[in-house]
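Visitor: Sequences listed follow chains R and C, in order.
Residues 5 to 342, numbered by our numbering, are exactly what the first sequence covers, in order.
Residues 15 to 424, numbered by our numbering, are exactly what the second sequence covers, in order.
Source of the hints: derived by calculation from the structure; they are not laboratory data.
All C-beta atoms in this analysis are idealised placements derived from N, C-alpha and C, irrespective of residue type, glycine included.
In silico DSSO-like cross-links for lysine-lysine, where the CA-CA straight-line distance does not exceed 27 Å:
no. : chain 1 : residue 1 : chain 2 : residue 2
1   : C       : 338       : C       : 35
2   : R       : 51        : C       : 246
3   : R       : 51        : C       : 215
Where chain C lies over chain R, by a calculated footprint (3+ residues, C-beta under 8 Å):
no. : region
4   : 57-70
5   : 90-100
6   : 111-125
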Amino acid sequence: MPRMTMIEAIRSALDVSMQRNDDVVVYGEDVGFFGGVFRCTQGLQQKYGVSRCFDAPISECGIVGTAIGMAAYGLRPCVELQFADYMYPAYDQIVSEAARLRYRSAGDFTCPLVIRMPTGGGIFGGQTHSQSPEALFTHVAGLKTVVPSNPHDAKGLLIAAIEDPDPVIFLEPKRLYNGPFDGHHDRPVTAWAKHELSEVPEGHYATPLGKAVTRRTGESVTVLAYGTMVHVALAAVEETGVDAEVIDLRTLLPLDLETIAASVAKTGRCIVVHEATLTSGFGAELTALVQEHCFYHLEAPVMRVTGWDTPYPHAQEWDYFPGPARLGQALRNIMEAG
Amino acid sequence: MTSPTPLRFHVPEPASRPGGKPDFSGVSIPKAGSVRRPPVDVAPEEIRDLAYSIIRVLDHEGQPIGPWVPDLSKDELVAGLRHMMTLRTFDARMQMAQRQGKTSFYMQHTGEEAVSCAFRIALGPDDMNFPTYRQAGLLIAHDYPLVDMMCQIYSNANDPMKGRQLPVFYSSRKHGFFTISGNLATQFVQAVGWAMASAIKGDSRIAAAWIGDGSTAESDFHAALVFASTYKAPVVLNVVNNQWAISTFQGIARGGSGTFAARGLGFGIPALRVDGNDYLATYAVAKWAIERARLNLGPTLIEYVTYRAGAHSTSDDPSAYRPKHESEEWPLGDPVIRLKQHLIAAGAWSEERHKQAEAEILAEIIAAQKEAESFGTLHSGSKPSARDIFEDVYAELPPHLRRQRQQIGV
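All chains should be modelled from the sequences, with the hints used to inform the complete structure.
Guide: What follows is the structure, given as structure tokens:
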């Protein structure tokens, strides 16, 4: 089986989808001739022509607004916003329009649309190229939100997102594009080639939305993570020796509550991790759900390890990033609590 | 050393406010028939003047004059008059129903009936409008059932929108009428995307975008113009300038640009300005723009110069922000009266036939209203199910919504 980076896997998902369905169109800033600033759409314009893969003006409102019109027409647009940090001009179109077409028209119009956007930090991107705005999407009824953590899932989830009848926000952790980053920024970069989840089938496969996967089985504490934090969690667990169960959520909405509740019921402890800011973050929702569904199994308060409630700094990136040291400390603390 | 000139902050004001005399001296009205009609493949830079003029067909006596006189039969014009009369009567009945507490909200079209009624006739059956809340003529002139419109307004058990939308926020794919949003201007750029999709697929359908003068200030409007211009999208970009955005006069959104039509010029989009109270001129200009779109010549921006004779909605009182009798002074008159006058002058209509038509239309609307009310009104009779709250958020009900639906026991 071929090995792919996350970029190659995403490109392969787009390629397979465009090959199978003429209605799939791909566009965004620098997406056409050049193939995207992260190269995810490289070669697609050459292969499928300018009417299926093209450059867009720098207007996120325009990119998403036109894509909604195309989706209503019957196409399956999969657009790229160059950074998740740039999505705010499109937010009205996403929240008031894409998310609500089906509902407000009672199914007369629908919006099968995928909005891809690189998310998260760890690349010295400063506050405008590092944000993780997933909670701004999970708070919106009518959207699905997906965050893959590896090439195999990225391809399968993106294909599933493109085939989904509703709008899907597809957040790509940019620090994972070229390798499985575990938060140890001072160590040499690891390539995807050495990781088992870089084995990606060439053809079509869909990874169902709304299904989490257990990356490590353990008995003492459940760590809920997604995207880059899955790798940070696995490293922290390894380094502390705590027998933790690490769950990769993959889809934040719809959420696989069953897998989460079964794990916490077993372990009795839970840590939620994300790179996004703490207050009103998706971790708050996870924490509340664990409390509601697993209260009588809990032996300690649910903990959150997240980015600080500040803009994402440039020079102090690694003081901001919730790396394995911070998570390791939380793992030790939760095992001493209760 | 000279002292610096103090800078002045400028806030535009309308010509007249409540208590003042209506003043439309700033609205320059060219003679009917005086504006040339260029071929549809004209280069945009050759018709820049048309963005600053007003295309008019009907003169003061109701005679059609000049190069824009459209090819519409007497029967078609009588049908057009009936569409406008139906819309006006429908509005009056629904406005009253709102005052009677049968619904929460209503928005009338008074004075603007020609714009949507004439445009619909110029459009093909498979084309798609992306309307605002004041283009119900697009439905009425396309034979959408009045009962269904009323059921939507009443949010009753037969409401096609299942009680989820504010009154007048209709949707009908079958009738080329995109679901209405209350977030202004969002539809303008979606229309461009719909048109792009049609071109990508090599189909022959075109889109029509709709927006009011006030909402052209939204970024979506400008994004729509960029995308329409860049991809030469087969779309007609309609700006209905009815002079007032709730209480804000059109000068606040227009700023220093002479007209809303002129906004198209910087994008290389041909821009026409038309008398929106002249059914014939509106139809002719719509037809011109639609033909351009069909011939792969790209977008056209049209500004319909009209006047909102009524309130913005049932929630505001215009006498609080403009002279009470301003609408009577509007120099482009009333679209229903003008078309009626034309048809009488042409020997195709009479005062008697008009009265008779008024009575027939009123009877038809009262019958429709009775039927609609038999399915309930907002506060009485049958309602959409609480179950409908949870349907259509997604194609399939996800687990968290299933749990929430169980909580209210439906």
